[in-house]
Amino acid sequence: MKKALKAAVYGLFLTATPWLGTASAADSAPVKIGFVTTLTTPAAVIGNDMKNGFDLALEHIGGEMGGRKVDVFVEDDGFKPETGKQAADKLVTQEKVDFVTGFIWSHVLLASVKSVLDSDTFLISANAGPTQLAGKGCNKDFFSISWANDQIPMAMGEALNQEGIKSVYIMAPNYASGKDMMAAVEMTYKGEIKGRDMTKWGADTQLDFSAELSKAKASGADALWAFYPGKAGGAFVSQFMQAGLADTMKLYTVYTLDGISLPKMQEAGLTAALGSRGTQNWSPDMDNAANQKFVSDFLAKHGTYPSFYAQQAYDAVMLIKSAVDAVGGDLSDKDAVRAALVKADFASTRGKFKFGNNHFPIQDFYLREVVADSEGRWTTKIVSKIFTDHQDPHAVDCKM
Amino acid sequence: MRTSNFLTPKWLFSVALLLLLAVTPILSDIFDQAFYLSIATRILILTIAAISLNFILGYGGMISLGHAAFIGIGAYCVGIPIYHDYSSGWLHIFLAITVSALFALITGAISLRTKGVHFIMITMAFAQMAFFLFLSMDEYGGDDGLTIWYDSEFFSGIDIDNPTTFYYICFVSLILVMYLYHRLVASRFGRVIRGAKSNEKRMQALGYSTYNYRLVAYVISGAVCGYAGALMGNYTNFISPDMMGWTRSGELIFMVVLGGTATAFGPVFGVLSFLVLEEMLPNVMDMIHDGAGFYWHLPFGLILLFVVLFVRGGISGFLDRLGKR
Amino acid sequence: MDSALLITQLLNGLQLGILLFLLAAGLTLIFGIMDFINLAHGSFYMVGAYICGTLVVLLDSFVLGVLLAIPLTMAVGYVTEVLIARSLYLRDHLDHVLATFGIILIFDTVTHLIWGAEGMVIPLPDWLNGQITVSETIQLPSYRIAIISVGLLVAAGMYYVVSKTRLGMLIRAGASNRTMVQALGVDIKVLFSLVFAAGAAIAGVAGMMISPITGASIGMGNDIIIVAFVVIIIGGIGSIKGAFVGALIVGMIDTLGRSYLDQLLKLFMNTETAETAAPAISAMLIYILMAIILAVRPQGLFPPKVR
Numbered sequence: 018m019k020k021a022l023k024a025a026v027y028g029l030f031l032t033a034t035p036w037l038g039t040a041s042a043a044d045s046a047p048v049k050i051g052f053v054t055t056l057t058t059p060a061a062v063i064g065n066d067m068k069n070g071f072d073l074a075l076e077h078i079g080g081e082m083g084g085r086k087v088d089v090f091v092e093d094d095g096f097k098p099e100t101g102k103q104a105a106d107k108l109v110t111q112e113k114v115d116f117v118t119g120f121i122w123s124h125v126l127l128a129s130v131k132s133v134l135d136s137d138t139f140l141i142s143a144n145a146g147p148t149q150l151a152g153k154g155c156n157k158d159f160f161s162i163s164w165a166n167d168q169i170p171m172a173m174g175e176a177l178n179q180e181g182i183k184s185v186y187i188m189a190p191n192y193a194s195g196k197d198m199m200a201a202v203e204m205t206y207k208g209e210i211k212g213r214d215m216t217k218w219g220a221d222t223q224l225d226f227s228a229e230l231s232k233a234k235a236s237g238a239d240a241l242w243a244f245y246p247g248k249a250g251g252a253f254v255s256q257f258m259q260a261g262l263a264d265t266m267k268l269y270t271v272y273t274l275d276g277i278s279l280p281k282m283q284e285a286g287l288t289a290a291l292g293s294r295g296t297q298n299w300s301p302d303m304d305n306a307a308n309q310k311f312v313s314d315f316l317a318k319h320g321t322y323p324s325f326y327a328q329q330a331y332d333a334v335m336l337i338k339s340a341v342d343a344v345g346g347d348l349s350d351k352d353a354v355r356a357a358l359v360k361a362d363f364a365s366t367r368g369k370f371k372f373g374n375n376h377f378p379i380q381d382f383y384l385r386e387v388v389a390d391s392e393g394r395w396t397t398k399i400v401s402k403i404f405t406d407h408q409d410p411h412a413v414d415c416k417m
Numbered sequence: 007m008r009t010s011n012f013l014t015p016k017w018l019f020s021v022a023l024l025l026l027l028a029v030t031p032i033l034s035d036i037f038d039q040a041f042y043l044s045i046a047t048r049i050l051i052l053t054i055a056a057i058s059l060n061f062i063l064g065y066g067g068m069i070s071l072g073h074a075a076f077i078g079i080g081a082y083c084v085g086i087p088i089y090h091d092y093s094s095g096w097l098h099i100f101l102a103i104t105v106s107a108l109f110a111l112i113t114g115a116i117s118l119r120t121k122g123v124h125f126i127m128i129t130m131a132f133a134q135m136a137f138f139l140f141l142s143m144d145e146y147g148g149d150d151g152l153t154i155w156y157d158s159e160f161f162s163g164i165d166i167d168n169p170t171t172f173y174y175i176c177f178v179s180l181i182l183v184m185y186l187y188h189r190l191v192a193s194r195f196g197r198v199i200r201g202a203k204s205n206e207k208r209m210q211a212l213g214y215s216t217y218n219y220r221l222v223a224y225v226i227s228g229a230v231c232g233y234a235g236a237l238m239g240n241y242t243n244f245i246s247p248d249m250m251g252w253t254r255s256g257e258l259i260f261m262v263v264l265g266g267t268a269t270a271f272g273p274v275f276g277v278l279s280f281l282v283l284e285e286m287l288p289n290v291m292d293m294i295h296d297g298a299g300f301y302w303h304l305p306f307g308l309i310l311l312f313v314v315l316f317v318r319g320g321i322s323g324f325l326d327r328l329g330k331r
Numbered sequence: 020m021d022s023a024l025l026i027t028q029l030l031n032g033l034q035l036g037i038l039l040f041l042l043a044a045g046l047t048l049i050f051g052i053m054d055f056i057n058l059a060h061g062s063f064y065m066v067g068a069y070i071c072g073t074l075v076v077l078l079d080s081f082v083l084g085v086l087l088a089i090p091l092t093m094a095v096g097y098v099t100e101v102l103i104a105r106s107l108y109l110r111d112h113l114d115h116v117l118a119t120f121g122i123i124l125i126f127d128t129v130t131h132l133i134w135g136a137e138g139m140v141i142p143l144p145d146w147l148n149g150q151i152t153v154s155e156t157i158q159l160p161s162y163r164i165a166i167i168s169v170g171l172l173v174a175a176g177m178y179y180v181v182s183k184t185r186l187g188m189l190i191r192a193g194a195s196n197r198t199m200v201q202a203l204g205v206d207i208k209v210l211f212s213l214v215f216a217a218g219a220a221i222a223g224v225a226g227m228m229i230s231p232i233t234g235a236s237i238g239m240g241n242d243i244i245i246v247a248f249v250v251i252i253i254g255g256i257g258s259i260k261g262a263f264v265g266a267l268i269v270g271m272i273d274t275l276g277r278s279y280l281d282q283l284l285k286l287f288m289n290t291e292t293a294e295t296a297a298p299a300i301s302a303m304l305i306y307i308l309m310a311i312i313l314a315v316r317p318q319g320l321f322p323p324k325v326r
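Chains as they are written, first to last, in the working numbering: chain A, 18 to 417; chain B, 7 to 331; chain C, 20 to 326.
The hints are simulated quantities; they were obtained by calculation from the structure and are not laboratory data.
Please read these numbers as outputs of a predicted model, since none were measured by experiment.
Here are the in silico distance ranges between beta carbons for each label pair:
(1) A:135 to B:295: 33 to 43 angstroms
(2) B:205 to C:168: 48 to 58 angstroms
(3) A:390 to C:145: 19 to 29 angstroms
(4) C:315 to B:143: 24 to 34 angstroms
Ideal Cβ placement from N, Cα and C applies to all residues, glycine included.
Let the sequences and hints guide you as you build the complete structure.
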């Protein structure tokens, strides 16, 4: 933000003295990347982890792409779509960035996408994958490095089949993503759904799940499946234990247990998390050179395992670098940059990586389990592969 | 009431401010700072809402902690029709004004039976209900909000997607709303509303049904706020129940008080200072210490406290005292 | 309907009601005696949770942490009263709303500065982390029982102080007739500070009790304080009894609404509509209740006798 103000002051000088214009200096001017994430509110813990992954990537590439320096403009979305949209507006109208990336939350991304794309700027989502943008609403300048939101829960439903779970009780927050998650699990799961609960989310998020957990217990289902990102995750697991469900029901989650929440749960002794399973497209124990370098350097620097938020921000930087490198740093030809982005010629921490027609990845999904590593730290380990080269079901609606 | 002397600092300041707002698009174009035009547009729209709140709060003594709901309703009256491909701007404005007026009529009829803190809380309760209602409408995005993919359409040839055109639509709207309220305050209706604030018994003894007068004032206020909401929908191109939360209503009250309640220009000063503070504080703090900008709510809260404790009459009152010196 | 489930739900409703009462008690007294609307009352709920959480981790004892956190939260309340709140009592309600809105921002940001943005998970000792078996089908989490007991204990303590002591007499007198207390020659400033600090401490206790369940987070008080306001308005401002009854009503309606409304709605609409409508309506229930009560009985259920 300091830079923003400086840029404003320079802007005044530049417009007042147009002969100092920068046409000739174009290739030595920095590549500008806008990064929108959550740095305030309790969700900041996710944003900070994501930014750590982003910063580590910049460090690994020496702060340089296609022979040009990289200038980063970090903006906070305050966990609010409206604030995120204002931040995106600022990035494209004031800073005039070349790429906008980041975005944890689908609703923040959906609010911001029009501003960014209207200004012909490339938008690379590093986590949010709203299905609207994967189908009819796909756009030539929009890329998602993560997934379409329903892929992980679809994998979850399939994983429950493979695990031989006969009946399940479902809990998720009552907002759009929560409902999408539920629908997606129900789409692939073939067993019996004994009951489902949607809890209050948003301004006065419900964190006391006692009523719902009693219902889950009474339902007699084999397993409980839950989706509680951020602070709700810790509250959920702790009450799952207090309600005495850990002994009677198997726990499955998506987006709930990760590199951010696990150290905290370990600290608070929430042992119900250990052994619980969930689906993801990546895990810190994946065996490829890019991932090993990323995970070990992240561990050395921050003392915790990276979450998938950090991992995807890292991948996003690498993707952008691959495109800027491919065009030799000349970003004036948008079509060439776009073509280079589509190629996705970079070493992903997921191993193989390619984009589908809708600019969402075609990738593998895994079942992972929470385990303690050799030093006793809680992390996740891949148990089995659920889907191979999976493409989201919305891609067929995309006319691209 | 000062009506004759126009050369007070307050009047000079107000006129200068309006002139500055009138030429903002030109300045922003010269300096190539489209971002500041965007902020100025926001200021105009919120000022319309603040003026409508100021009328009932400042002149009428009705502290509504639920006015953000009207902005939200107005915005959804743009978003929902556009979602169904009804693009006529006239329809949007008609809906925004009638639906929010209707909401104001129903909730006002109940709320105005109460007074004081009960009124504050019941207006907030109704706004919370509206909040949860929109939160539960999955079809229109629920909590995720609704992106408005294109703007309202009026005449062919007028493209309100153009920031400068849209800015001037907001500017003219603001001037019209200021004029409307100027006439309203001075009218017999306005005198009854003001009279009921200072001495309700007396107005009733004079044969006025203060309840009816208040209800009409509340409905007008809601309708104007709804109109501001329709503009807001076209401005942000995105709406979510977040816009209607009780803290938003609180912010709107702060804007009115910061500028000075029961004054013609107070809302303009208030909204302007509020948004400039919101924009500048993080930057200034980051300059002092990198990363400090995230804590801008701390000085913001202190400023709020300072204004309430020490600045009687807000900015408008301050300028008045400057004139008397 | 499953009776074991119903009993558990009733207990959960009771627990929420008790927590709301702890918040509402201070709120209603402060409003009744000082005529002061304190939107920032929820900040003490948050501060209590954070102080307690820090002490629990530091001392490795939950009980010790709570016992030490109570006077500390009280001190925070006292300082707030002396520095800011005191000068606002004679202002109008509008100033109260604004100033306390500012105080919320300050508390939230200072908490962010001290404890970081990520919130806090507060561990429970093993002896509170188990189950109490009532019958074969009914098992109750022991910590829930602990919360309800502590809450009822505080309520009983308040009842004793308010109805049996000289201090309580002054508080009761103050709630119904402010000028009379001043005429009695009581140092009204000290009484005000005391009520404010005690209210803050009790709100803090509520925060300490809930935080092992939900974790402590910034802004946790802002969500619940609105519900606490609904409680005191339903109960009648200034009345402890009203706050107690109102809190239990709101706690029950909210909890039972969340659990049974979908089944209720399914009786007269199709499953899918019921499942989408139920969460929205159950979230609105308490506000609808408040609007109805205000419309028919604007002074609430138990208004203090003289005003």
